[in-house]
Amino acid sequence: MRASHVIKGAASNLMCQQLRMAAMALEKNASAAHETAGSGDKNSSDKSAEDKKEVELKMKEYAEIVTEKYEVLKKAVDAYHAFLVTINV
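Just so we're aligned, residue 1 is where the sequence shown starts under the working numbering, counting upward by one.
The set of hints was computed from the structure by calculation and includes no laboratory data.
This list has only true hints and no planted wrong ones.
DSBU-like, lysine-lysine: derived pairs with alpha carbons at most 30 Å apart: (1) LYS28 x LYS69; (2) LYS60 x LYS75; (3) LYS28 x LYS58; (4) LYS74 x LYS58; (5) LYS52 x LYS28; (6) LYS69 x LYS53; (7) LYS58 x LYS75; (8) LYS52 x LYS69.
In this text, all values refer to a predicted model and were calculated from it rather than measured experimentally.
With the sequences and hints as input, model every part of the structure.
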């Protein structure tokens, strides 16, 4: 989550919109997954089995989304790196 935040800031400073958008999407979904995981820990003895299953399902969904967004971010980084090579940086 922190790495995507750092990349988002650097991409903004370098005016690389695609990279910034990919980092922002990854950061948003990683944060949501983190919050969902934290909600599963609170009062775990008070949660029903159904509530725990719901949290587990959400975590699986977020894991898939975060993985997808990470792949998009990797492609954006590769594209930016290729651009830098073309301008001899």
